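Chemist: Sequence:
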Amino acid sequence: MNSLDLPKPPHETRVVVAMSGGVDSSVVAGLLKRQGYDVVGITLQLYDHGAATHRKGACCAGQDIHDARRVAERLGIPHYVLDYEDRFRDSVIDRFADSYLAGETPIPCVECNRSIKFRDLLATARDLNADALATGHYVASRPVAPGVGRRALYRALDPARDQSYFLYATTPEQLDFLRFPLGELPKDETRRLARELGLSVAEKPDSQDICFVPQGRYADVIARLRPDAARPGDIVDLDGRRLGSHEGIIHYTVGQRRGLRLAVGEPLYVVRLEPDTARVVVGPRAALATSRVRLAEVNWLGEGDLAELAGMPVAVRVRSTREPRPARLSYDAAASHAEVTLATPEDGVSPGQACVIYADDGARARVLGGGTIRRVDALQPAAARAA
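First residue of the sequence shown: 2, per this note's numbering; consecutive thereafter.
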């Protein structure tokens with residue numbers, strides 16, 4: 002077996018590398034080339050090339066495409082740019098806008114991995130007779146057991162860079178074809194390797210925010226995509242009393258405190274959004290405490306049948322910035338949803354976010370799957386006020 006767990010010599014193993022133009026994917030291409038693999042670089046143009054050409058912190062458009070091309074030339078590997086702009090708009094951007102209008106807080110990076118990179122690009126890699134598709138994600142994968150073809154997904158060595166939260170939707174079939182060479186490297190080692198390989202992107206800053214949302218201004222993007230999105234409404238407390246007004250729920254997310262413009266003498270937070278009535282419901286921080294969440298679109302990477310794992314002890318992340326916390330997992334096969342009961346309530350859990358399930362809360366824990374948060378069970382109003 003070669004270094005990618007494939008039964009061929011490297012020079013007979015074709016690997017397609019998804020090259021975003023950043024340092025991480027560039028190093029992946031460079032390492033594999035240096036190890037003697039037959040490397041093919043592919044860069045996806047995902048959104049408005051002109052608008053992103055000179056914007057810092059972007060990816061998959063403009064300058065990044067040129068950077069990827071220069072790296073490929075430096076490494077002496079073939080490089081192709083594929084126009085996936087229509088696919089990206091239909092599968093990611095439109096879903097992002099619709100989710101916000103439904104009062105949710107979506108994560109487009111999860112959908113991009115699921116629908117564009119690990120479905121469409123993976124199919125393209127197979128068309129090129131590749132043996133594997135490699136990416137620059139900081140996540141680890143390895144065989145479930147020695148001699149077993151099926152692979153499992155694990156948290157990366159570098160906890161500050163771990164991207165397992167965004168890759169929970171990878172299917173077992175996709176995982177068997179994917180490789181993540183940076184999963185066992187710290188970020189500073191990646192930069193060192195980029196300099197050693199003589200790559201022009203060695204000191205390039207990492208991409209920031211969501212690629213198609215300039216400066217993190219989500220509402221501006223949604224208003225452009227859905228001109229009727231800015232529907233005004235009321236800001237109300239937990240009992241429904243009107244406290245103020247707003248210019249559209251797209252300007253708010255669960256857990257938000259700043260920007261409410263309310264003079265009530267106590268800190269208030271967005272507790273939930275009601276798209277049908279265009280109401281923003283606010284309350285004290287205690288009202289954000291969530292003990293149970295319901296998940297839809299569940300992807301299971303663990304062993305056994307999910308429907309038979311009632312009460313299974315796991316660890317979950319309800320935000321990408323939080324560490325896994327102990328919980329219990331159950332599954333309702335008839336309703337096709339999973340339910341997670343948190344050992345300790347968490348604040349600011351929002352519909353539309355991902356809940357990622359791990360085998361435990363360890364630094365290198367295995368990813369068992371996850372789903373999209375659809376319902377959040379928080380404290381009742383009376384309990385919240387008492388708290």
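The set of hints was computed from the structure by calculation and includes no laboratory data. Just so you know, not all the hints are guaranteed correct.
As the list claims (entries may be wrong) - With beta-carbon atoms standing in for the labels, derived distance ranges:
| id | residue 1 | residue 2 | range |
| --- | --- | --- | --- |
| 1 | Arg-218 | Glu-324 | 37 to 43 Å |
| 2 | Ala-124 | Glu-309 | 40 to 46 Å |
| 3 | Glu-267 | Arg-151 | 49 to 55 Å |
| 4 | Arg-259 | Thr-172 | 37 to 43 Å |
| 5 | Val-265 | Arg-375 | 41 to 47 Å |
| 6 | Gly-256 | Glu-309 | 32 to 38 Å |
| 7 | Asp-229 | Arg-71 | 22 to 28 Å |
| 8 | Arg-151 | Asp-95 | 30 to 36 Å |
| 9 | Asp-306 | Gly-217 | 24 to 30 Å |
| 10 | Glu-324 | Asp-87 | 35 to 41 Å |
| 11 | Arg-227 | Tyr-81 | 43 to 49 Å |
| 12 | Glu-74 | Ala-124 | 24 to 30 Å |
| 13 | Leu-83 | Thr-172 | 19 to 25 Å |
| 14 | Pro-228 | Val-265 | 29 to 35 Å |
Unchecked claim - Below 20 Å or equal to it, Euclidean Cα-Cα: the simulated SDA-like pairs (lysine to any residue) are:
| id | residue 1 | residue 2 |
| --- | --- | --- |
| 15 | Lys-205 | Gln-64 |
| 16 | Lys-9 | Asp-207 |
| 17 | Lys-9 | Gly-37 |
| 18 | Lys-205 | Asp-189 |
| 19 | Lys-188 | Asp-207 |
Given the structure is predicted, the values throughout are model-derived calculations rather than measurements. Even glycine gets a Cβ: it sits at the ideal position worked out from N, Cα and C.
Chemist: Please write out, lowest number first, the hints stated earlier that are contradicted by the structure.
Modeler: The structure breaks hints 1, 2, 5, 7, 9, 11, 16; every other hint is satisfied.
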